[in-house]
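Chemist: Residue strings, one per chain:
2 protein chains.
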Amino acid sequence: MAKTTTKESTKVQLLEAGTEIMLEKGYNNTGIMEVLQSTGVPKGSFYYYFDSKEDFGMQIINHYDATYSEKLKVLLDETKSPLSLLRSYCEESMRNLEQNACRKGCLIGNLSQEMADQSEVFRNRLQEVMLSQRSIFASCIANAQAKGEISNTMNASDLAEFFQCGWSGAVMRAKTMKCVEPMKVFSQILFDHVLKCSA
Amino acid sequence: MAKTTTKESTKVQLLEAGTEIMLEKGYNNTGIMEVLQSTGVPKGSFYYYFDSKEDFGMQIINHYDATYSEKLKVLLDETKSPLSLLRSYCEESMRNLEQNACRKGCLIGNLSQEMADQSEVFRNRLQEVMLSQRSIFASCIANAQAKGEISNTMNASDLAEFFQCGWSGAVMRAKTMKCVEPMKVFSQILFDHVLKCSA
Chain A
1 MAKTTTKEST
11 KVQLLEAGTE
21 IMLEKGYNNT
31 GIMEVLQSTG
41 VPKGSFYYYF
51 DSKEDFGMQI
61 INHYDATYSE
71 KLKVLLDETK
81 SPLSLLRSYC
91 EESMRNLEQN
101 ACRKGCLIGN
111 LSQEMADQSE
121 VFRNRLQEVM
131 LSQRSIFASC
141 IANAQAKGEI
151 SNTMNASDLA
161 EFFQCGWSGA
171 VMRAKTMKCV
181 EPMKVFSQIL
191 FDHVLKCSA
Chain B
1 MAKTTTKEST
11 KVQLLEAGTE
21 IMLEKGYNNT
31 GIMEVLQSTG
41 VPKGSFYYYF
51 DSKEDFGMQI
61 INHYDATYSE
71 KLKVLLDETK
81 SPLSLLRSYC
91 EESMRNLEQN
101 ACRKGCLIGN
111 LSQEMADQSE
121 VFRNRLQEVM
131 LSQRSIFASC
141 IANAQAKGEI
151 SNTMNASDLA
161 EFFQCGWSGA
171 VMRAKTMKCV
181 EPMKVFSQIL
191 FDHVLKCSA
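For the record, the sequence lines run as chains A and B. Mapping to this note's numbering: the first sequence position 147 is 147, numbers consecutive. Mapping to this note's numbering: the second sequence position 23 is 23, numbers consecutive.
Keep in mind the hints are simulated off the structure, nothing from the lab.
The list treats identical chains as one, so a pair stands whether inside a single copy or across any two.
Taking lysine-lysine and the BS3-like style, the derived pairs with C-alpha atoms no more than 27 Å apart in a straight line are: (1) Lys53 - Lys25; (2) Lys178 - Lys53; (3) Lys196 - Lys184; (4) Lys53 - Lys11; (5) Lys104 - Lys53; (6) Lys104 - Lys25; (7) Lys178 - Lys104; (8) Lys104 - Lys73; (9) Lys25 - Lys178; (10) Lys25 - Lys11; (11) Lys11 - Lys43; (12) Lys80 - Lys196.
Bear in mind the structure is a predicted one, so any value in this text is a computation, not a measurement.
Could you put the whole structure together from the sequences, leaning on the hints where they help?
Modeler: The following block contains the structure:
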C-alpha cells in the first residue's frame, strides 16, 4: 500500500511539474529532462509512468481537466445565484492570472492553439474538454435563465460558447499585455449587455 | 536593379513560406531547414537575410502585420456602413478559415499564446500589433456610433477590445473543433446584442 501511494504521488508530482512547465512553454518546447530535473525524479522512472511524451501530454490534460472540472462544479451550486457564481468565477480567474504575473493562463487554451493543427490525438481530447466545460457553463446559464437572472431568448449553450470564446481570448490577450484589462473589459460588457434580464 | 529585386523577392519568399509553416506549427517548432526546403533557397542564404531565427520570427510578424493592416483599412471606408464593414470582415474571416480546413488561424493570436511568457521581444511586438489592430477596430466602431448604427453609451476602444477578445477566442475554438460554429455563434450574439443601436 505504501509503495502504491509513493508511486501514485511520484506520478502526480511529474504531472503537476509538467503542467506548470507546459503552461509557460507549450507542449513541443517542454523537455522531459526539464520536468525530471524540477522534481528530482530519476531519469529512468519517466517511462515507468508514461508510455511516451505524447502519453505524458495526454495525461497532463486529463489531470488538469479532472482538477478544473471539480472547480467548475461550484457554478452549479443551486443554493446560490447562478449569475453571481459566474461573476465570481471571472473575478477569481482574474485574481489568479494577476497572482501569476499574467503568465501561464489556461492549459486547454494554450495547447489548443499550439496542437490543434499538429495532432489529432491532442485535438480530439482538447475538443472533448472544451465541450464538457461548455456544458457546465451552459447549465449555469440555464439555471440563471430559469431564475429570471438572464433573458431566456437566447440558447444557453450558445451563450456558453460566446462566453468561452471571449474569455479564452481575453486570457490570451491579458498574457500578451501582461495586465488583466482585457478580462475586465470583456466581463464588464458581457455582464452589462449580454448576460442580463432583457438581452 | 534586377539583383535587388531578386534579393527582395527571395526574402519575401522566405518570409511567406515561414509564415505558412509557423501558422501551423508555431515558432519553436518551425525549423529553418524546413523553410529553406519548402522554398528551394540554399542553406547558406538564410543568414544573408536574417540575423537569427528570432530576427526571422520578428520579420515574419512585421510582414504579416503590414499585409493585415492594409486589409483592415477597408474597415475605415467612409462611403460604406461601418457596421456592415465589420460584419463583412467577420464573414470573410470565417470563409478564409473554412477554406483552410479550419487550420492556421491568426498568426498574432497563435504566437501570442505561444511566446508571451517566453520572450519579451516577441511579447512587446505582438502587443504593439494587437493595440494597433484594436485602434482600427475602434475607429470603425466609433464611425458606426457617429452614424447611429451602434449605441454610443459604450467606449469604442472597449468595444473593440471586447470584439478582439471574442474573435480571437472564437478562431482558436474553431481550429480545435475544426468547424466555424464558434465564430458563427460569437458574431451572431455580438451583432444582435452588443453592437446595436440600443445596447
